[in-house]
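J.: What follows is the residue order along each chain.
2 protein chains.
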Amino acid sequence: MKKGKRTTIYDIAAKLGITASSVSRALNNSNQVNEKTKELIMKTADELNYKRNILASNLRKGHSKTIGVVVPRINQNFFANVIAGIEEATYQKGYNLIICQSGESHDKEIQCVNTLINQDVDCIVISVSADGSDYQHLQNVIDHGIQLIQFDRVAEELETLKVINDNEQASYEAVSHLIESGYKRIALLEGPQNLSIFKQRKVGYLRALKAYNIGVIDELIVENAWTKELGAEGTRKLLSLPQPPDAIFASTSDFSALGVLEVANAMRIKVPAELGVCGYANESFSEITSPSITTIDQFSIYMGQTVANLYFQEKGNTDTATKPKIISIKPELIIRASTAKNGKS
Amino acid sequence: MKKGKRTTIYDIAAKLGITASSVSRALNNSNQVNEKTKELIMKTADELNYKRNILASNLRKGHSKTIGVVVPRINQNFFANVIAGIEEATYQKGYNLIICQSGESHDKEIQCVNTLINQDVDCIVISVSADGSDYQHLQNVIDHGIQLIQFDRVAEELETLKVINDNEQASYEAVSHLIESGYKRIALLEGPQNLSIFKQRKVGYLRALKAYNIGVIDELIVENAWTKELGAEGTRKLLSLPQPPDAIFASTSDFSALGVLEVANAMRIKVPAELGVCGYANESFSEITSPSITTIDQFSIYMGQTVANLYFQEKGNTDTATKPKIISIKPELIIRASTAKNGKS
DNA sequence: TTTGAAATTGCAATCGATTGCGTAATTTTT
DNA sequence: AAAAATTACGCAATCGATTGCAATTTCAAA
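If you read the protein sequences in the order shown, they are chains B and X.
FYI, the numbering for the first sequence is 1 to 345, going by the UniProt record's numbering.
FYI, the numbering for the second sequence is 1 to 345, going by the UniProt record's numbering.
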């Protein structure tokens, strides 16, 4: 077999003087075929370098053993980790992954989802992009009878399986930690509020302030500061205030926290003595900055595995109640140097 | 359409009292069908929320419009970037990506490749794992008439399309830079020599020493130091030598260089004054360590795009000569603080 | 009005594997 | 050894879309 057509079950059947049915059954290890014949078939299949045509198989079977994944960016630590986790768990079960990136564009996200529907994937796993709050395309997935699992950035109003982080609680703990470390005027760098994860983090921030009887100061809350650059910009404004904050919670990401660090450094403001900094996501770099950044670990790989397992688990379920299951993973506060106001950590 | 079957071209045909042939043609925008009918078909297709079944289509057409990618780890910056680049370029052309990770295991790599062959992918893009030097599985890909493109970590003996970095030259320039910066005893942390990329980097190192008339000192060359931990371990040994090096080229990765930095720090050896450090790969963290790390940028996203474009370009080619094309991308030395011996950068 | 070419549409086979149903072959049971 | 029960295998339809070829319709030129 060089350039020629690939071998099919018919080729094997012809060579052995039997039917394709038997070959198919043998290849699927059906017990409806004689052991001897089965062995013979296996052997010739091997000789002919036969490889099953999955397209045909899936078409007939009505499923694709393929899971589609849509994320804003593949090359972002958190998402890459989640995908790695999903891949690991699904590969063992013989499933394949089709990966798409929306690039934070709602339009491309819609395109991706439609492509995946076309591909006849058995399940679509998605973390929605930041712009857009119309989720017709996701409803469409459900209407097509395709399992939909949202993770991290989810459209809350949609009743689907979800795997999320307890953002509010994590945020609450982070801010509590800042307060208990002795910081008094704590600023918040927040992300786009149409994403629930950012909304929840803000709620956690507010809840912590309340719990410690600290008033909310509007000018310490900076909107839309979710990249390193925007974080830096927000920090410059904050630190130029008549009464600047003595801590900044970059609730959007460690990148944003990195921006904070750079600005503080440029302004010769000492972290953590004069300014406490807390990030989010435990990016690999956060432990090697100086000072290292206190942050929140989201167990991203585990999250991916959880998504995969959730799918397999629900797959077995006979449509009993179709209760939208939500799995919440508790993130962990990682305390490092950037919040050690009094030298203690 | 709720739980029911998905709509097919037959449903559309039935509703319109025509044949599936016409529907198919209309959907493929063939000029063999009347404009009016075409419009009508399009409209009803839309109304019925029709989505083409790609499996059936591909089965018939004999290709899958799918590209398989095998990398050691998805969640490693370099690979995530390459994949992002491939995705970007292929998505536009309506191709899908199936991603697998070998986890640096030769066995799993073989499995992955076979799965992809089964999946009937049109092309397999691979960066081989570190262990194993048997490439029968790759030959198998070729024998199945599937386009094979290797990138970065390639099996040189296999005549396939390749997209690589000019590792030797980059390495040569890095070491030259160290020498010109005033460092005299330059150590090398090298990676598994069965991977050509690491071999080439070593050659570049040796060539630079020779060019500047510096003798090779065997004890300054540390084998298999390609993780942060192994890099640190190697560094400890190097720095405990009677005559320790005054610079270390961590040719394997920035992670390894990070290990160097940490050990130097722990031993209170000043970088870059007493020890120059150069990494490889321009990981995002390399610019925010202190000091920031001189490293080599591999243009990973661009590399991915190049792989994709190479595929599309070759696809058109009628089997003229089947010359194995090799595209070499020139990496760029990024000079930062960790090699500024005399304060100059 | 007739004729011929061009434009549309239908028919039926095909891509490769799977599977329900029926029949033939084999084994087991009396 | 005959009847009953398995077991093994073949037949043919099916999954949904595509496409070469044939048939029909349309339209303009003669």
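Do not rely on the hints blindly, as some may be mistaken.
Said to hold, decoys possible - Distance condition first, Cα-Cα at most 20 Å in a straight line; then the derived EDC-like pairs of lysine to aspartate or glutamate:
| no. | chain 1 | residue 1 | chain 2 | residue 2 |
| --- | --- | --- | --- | --- |
| 1 | B | Lys228 | X | Glu156 |
| 2 | X | Lys65 | B | Asp122 |
| 3 | B | Lys202 | B | Asp122 |
Stated by the list, open to error - With beta-carbon atoms standing in for the labels, derived distance ranges:
| no. | chain 1 | residue 1 | chain 2 | residue 2 | range |
| --- | --- | --- | --- | --- | --- |
| 4 | X | Lys43 | B | Asp143 | 48 to 56 Å |
| 5 | B | Ala273 | X | Glu332 | 34 to 42 Å |
| 6 | X | Arg60 | B | Gly17 | 38 to 46 Å |
| 7 | X | Gly182 | B | Val203 | 40 to 48 Å |
| 8 | X | Asp134 | B | Gln193 | 35 to 43 Å |
| 9 | B | Glu159 | X | Pro192 | 34 to 42 Å |
Worth flagging that the hints you see were computed from the coordinates, not collected in a lab.
Note that the Cβ used here is the ideal one computed from N, Cα and C, for glycine as well.
J.: Each hint: holds or not?
T.: Results of checking the hints against the structure:
1. Using a Cα cut-off of 20 Å, the hinted pair lysine 228 (chain B) and glutamate 156 (chain X) is violated, with the two alpha carbons roughly 41 Å apart.
2. Restraint check for lysine 65 (chain X) and aspartate 122 (chain B): satisfied, since their Cα atoms lie roughly 18 Å apart, inside the 20 Å limit.
3. Taken as a hint, the lysine 202 (chain B) and aspartate 122 (chain B) pair is broken in the structure, with Cα atoms around 35 Å apart against an allowance of 20 Å.
4. A C-beta distance of roughly 19 Å is found between lysine 43 (chain X) and aspartate 143 (chain B), which places it outside the suggested range of 48 to 56 Å.
5. Between alanine 273 (chain B) and glutamate 332 (chain X), the C-beta spacing of about 38 Å keeps the proposed range 34 to 42 Å intact.
6. Taking 38 to 46 Å as the suggested C-beta distance range, the pair arginine 60 (chain X) and glycine 17 (chain B) does not conform, at roughly 29 Å.
7. For glycine 182 (chain X) and valine 203 (chain B), the hinted distance range of 40 to 48 Å is not satisfied, since their beta carbons lie about 56 Å from each other.
8. The hinted range of 35 to 43 Å is not satisfied by aspartate 134 (chain X) and glutamine 193 (chain B), whose Cβ atoms lie roughly 54 Å apart.
9. Restraint check, glutamate 159 (chain B) to proline 192 (chain X): a C-beta distance of roughly 50 Å breaks the suggested window 34 to 42 Å.
Checked against the numbered hints given earlier, the structure breaks hints 1, 3, 4, 6, 7, 8, 9 and satisfies all the rest.
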